[in-house]
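Trainee: If you're matching them up, the sequences are chains S and W in order. Quick note on the UniProt record's numbering: the first sequence kicks off at 1 and runs consecutively. Quick note on the UniProt record's numbering: the second sequence kicks off at 1 and runs consecutively.
Worth flagging that the hints you see were computed from the coordinates, not collected in a lab. Heads up, a few of these hints could be off.
Taking lysine to any residue pairs in the SDA-like style, the calculated list, with each CA pair at most 20 Å apart, reads [claimed, not checked]:
1. W:Lys-431 to S:Phe-301
2. W:Lys-311 to S:Asn-34
3. W:Lys-275 to W:Gln-20
4. W:Lys-398 to S:Val-373
5. S:Lys-11 to W:Asp-333
6. W:Lys-184 to W:Phe-103
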Amino acid sequence: MGLKQNLHNLKEKYKGTKMAPAFNALHTFLYTPNETTHSGSHVRVVDDLKRTMNTVIMALVPCLIFGIFNAGYQHYAAIDASLRLDPLANFFTWDNFILGAWTVIPLVLVSYGVGLLVEFIFAVIKGHEVEEGYLVTGMLVPLIVPVDIPLWMLSVAVIFGVVIGKEVFGGTGMNILNPALTIRAFLFFAYPTWMSGDKVWVHGAKEMASQPDAISGETILGSLAQNHDYAYSIWDMFWGFIPGSVGETSTFLILLGGLFLIFTKVGSWRIMLSSVIGAIVMGLIFNFAADAGWIKESSNFYGLMSEPFWHHLILGGLAFGIVYMATDPVTASQTNKGKWIYGFFIGFISILIRVFNPAYPEGVMLAILLMNVFAPTIDHYVLQGNIKRRLKRLKAKTA
Amino acid sequence: MSKDIKIKKGLTIKLKGEAQKTLSSAPRSRTFAIRPSDFHLVIPKMVVREGGKVHSGDTIFYSKSNELLKFVSPVSGTLTKIDRGAKRVIKEITIEADAQDTFRDFDILSPNSSSAEAIKARLLESGCWPFIMQRPYAVIADTEQEPRDIFVSAHNTAPLANDLDFSLNGKEKELQAAVTALSKLTKGQVHVGVGKDGTSPFKGLKDISLHNISGPHPAGNVGTQINKIAPVNKGEIVWTIAPQDLVIIGELLLTGKFNPERIIALAGSEVKTPKYYRTRIGSEAATFLYDSGIKDENVRVISGDVLTGKKISPKGHLGYYSNTVTVIPEGDDYELFGWNKPVFDKISTSRALTFSWLTPNKKYDLDTNTNGEHRAFVVTGGYEEVFPLDMYPLQMLKACMVKDLDAMEVLGMYEVAPEDFSLTEFVCVSKQPHQQIIRNGLDLMYKEIG
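Just chain S, with the same shape it has in the complex:
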């Protein structure tokens, strides 16, 4: 084993130097290190953080591949609407793939390149190991941005997200807000024209806007927020043949990814289930309000409020957010009871924001960030339950 021995020699050589974390990051990518236990449990499970993160990435790959096809498909379908008549036949084509790859792969490369560079720099400065958190963040970021986002904008956002969202708190495991959503929120508020409206969701829409054959690529939520009808069937929405952020359109694949995460025990089923319940409850409340006639059809909110509650689950980024971002263990509640509460409010508030904030019809991002902030508070009260039980036991004893 020449390579193994050579790498081992290099590791010894770099030991204690500034470059050690950078070298180790690459080394451990190839080889699980030769570290052994010293005290405590002499044996350990095989799972480590790399494997955990890798599992999430595997769950994201189908969304990425679908997103690549969809980027091409939405572009061509916007030019030639007849393609939409039979999406299945016109979706998995080479044309779609090539155009999609041409637009999406650079997003992935920039996200990983810039993000990991920042991580490496921090690891070298701080002298800690390069941690695996960004492997997932770097994959999430290209999937939750509009396809035509300029690469420099993405780079700036990634730097902001990694530095302010994570590294200032001490790196992976210490952050309060989900870094991927911090990046998206930064883009959303810093460059709102690039992040919403009807011209950003389809490749080429912006350039062609001034031309006579302008293409429109409004998302369904965008249409609903303006009380417009949309032209997509429920099945289009479920399979994902609709405009939207790169990887979030296919509810079907997200569902598969979610089931995979639950099966592998990497994602929390409690958060996923309670988020869905929360969204359904809020949706039902709005449906009830619309049916009862409390909201007039002319109201700005009518379109979204009267949308059947279960449609919300397959619209926009809700499913993606619930499965891949609400479940981020670092920023979610850390107690099992807390996870139920945390998840429920994510679903609940997502729909609330979606309906009442037509300017930004995507509520899940803000809902998750908001609940990230409240997660420690939720845990605090869950712990108080346990603490009170212990104190009560003591009181019963001394009384």
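Add chain W to chain S, keeping to what the hints say.
Mentor: Just chain W now, with coordinates in the frame of chain S:
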């Protein structure tokens, strides 16, 4: 009256190399060693100098902070070496054994008719007191305070552990004497946990409150049983004592001799013929290791089980409290793409391309590799699945790490010992040293509050 306790959360780790239920006598060890590090927080004050002669049961040192707390020689012979480390801390005391044991004669003490004071004095004088541990703080019991209850776990669920039903077989007389004596030292009860379907010698004894334990590891940990039977509250003290130590106490009371015999399980995938050995506290591990045979050079010899034991060298000595010696392969090698390839031959609690969930009855040959690097806590929810105590393990660990005494206290630190966190350490994705964190937390509390 016996009660059933069924533990649901936990994980029984199935390893190769379980000790066969045959008992051999290990060859007599030439040297014996006592390591003061086995007695947590005790600073030894030597009584015997290098070159001094001792009988089995003669005091060799006492605790600097408490003269009553004496530690005695497990064998008769000559104290040959006091090995000191940095700052003259005593690392190991070596005794060269005589060919035949001579015993210091303590009188016979009838457990039934003796007073609590007499029993206590005898335990202290004979060096049996260090067998009694206390909670809170998981240290040797305070000689001043009376315990609320005494807990004994005679059901061992740790991986490759000593089957106490086998190794305590035939010791009913000694056990009865010991529990009767101990029951006088508390106003509460002596709670004994035994395996539900086992043939524990405790099952016919009096002066105890028997509990039938079932479920996965850590059902056999005494901490788990305390939590389910009568948890420790702030201000209370309970004692815990291992059943093999009760045998030594019982024999002392019945015969007047301190005869620290141990029946140990020699187990692990690297042992050629894993089986039980009759030996003594502090014996050279080599006496039984090489009797059984070791398969490979590059092995980890553990005095204790794989979750809580201490690493010793193959030429080292059996720890003071150990009743198991485990030998497993060292894992000091790299593994190509160990973090992403499908794994069939190692245990995992997830299903992230790990397939141990498919074969729940398979026995594994685990090595000492950490299978990954040390990281901050990231994944949540995994510890709770293997942690049956009514507490929040992750939050306790974090409280210990940031030295938040108030949080540690209210979250239940008075109830735990490091070994209660051995399974969470085993399953930890971030490879954090849980037991060390808890130990440091307990020590801090002991210093600041205790």
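Trainee: Next, verify each hint and record whether it holds.
Mentor: For each hint, the structure was consulted:
1. W:Lys-431 to S:Phe-301: violated, 50 Å
2. W:Lys-311 to S:Asn-34: holds, 18 Å
3. W:Lys-275 to W:Gln-20: holds, 4 Å
4. W:Lys-398 to S:Val-373: Holds. Lys-398 (chain W) to Val-373 (chain S) sits at ~19 Å (cutoff 20 Å).
5. S:Lys-11 to W:Asp-333: Holds, at about 13 Å.
6. W:Lys-184 to W:Phe-103: Violated, because 27 Å separates the two Cα atoms, which is more than 20 Å.
Checked against the numbered hints given earlier, the structure breaks hints 1 and 6 and satisfies all the rest.
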